[in-house]
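Undergrad: Sequence:
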Amino acid sequence: MAILPILAHPDPRLRESAQPVAIFDEDLARLVDDLSETLRVSGGIGLAAPQTGDRRQVLVIDLSGGESPPEVYINPEIHPGSTQCLVEESCLSVPGVVGNVVRAISVRVSAQDTLGTPFERELEGMPAVCLQHEVDHLQGTLFIDRLPLLQRLRLRLRRGWSATGTAAAT
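The sequence shown begins at 1205 in the numbering used here and counts up by one.
Just so you know, the hints here were simulated from the structure itself, not pulled from any lab data.
Per label pair, the in silico range of CB-to-CB distance:
1. H1283 x D1317: 15 to 23 Å
2. N1304 x D1229: 39 to 47 Å
3. R1363 x E1326: 31 to 39 Å
4. L1361 x D1237: 35 to 43 Å
5. G1270 x F1228: 24 to 32 Å
6. D1229 x F1323: 13 to 21 Å
7. D1229 x G1364: 38 to 46 Å
8. N1304 x G1269: 17 to 25 Å
9. R1325 x T1345: 19 to 27 Å
10. R1325 x G1247: 19 to 27 Å
11. L1267 x F1228: 22 to 30 Å
All residues carry an ideal CB built from backbone N, CA and C; glycine is no exception.
Produce the complete structure using the sequences and hints provided.
TA: And the structure:
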């Protein structure tokens, strides 16, 4: 297993959409192992492949504090519930930023495991929120994109980000 570098905003690769996984092989298994190890040492609760520069639709979630192996979702599709809530989020790719965003607090997800076997799962609370956050990464969306406009503008000014999320020229 390898510890992968985590891309930081405003790296433009974080804005690229990930591609569905079609080949379930040793390379994919290695990516999942590397993502799991990287998540473990980062202290985070979720990590998507695009955060490491890999454009495959793969993510791992671990809300157990390392007590159990991370959950793996390949090619996930979320079917959100109707109840939404304001939740506090942060992100390994946007260090030092915390903000409140609206998320569904229950979701149904369809995905595949590392062998390509389809599964469905119902998630509630923090697991549902974490999954939505990571699926956003697969679509090139960051949680800061979901912040209220005024908060986004303040962040851009304070961090020197342009309106497109790239570093502003000086």
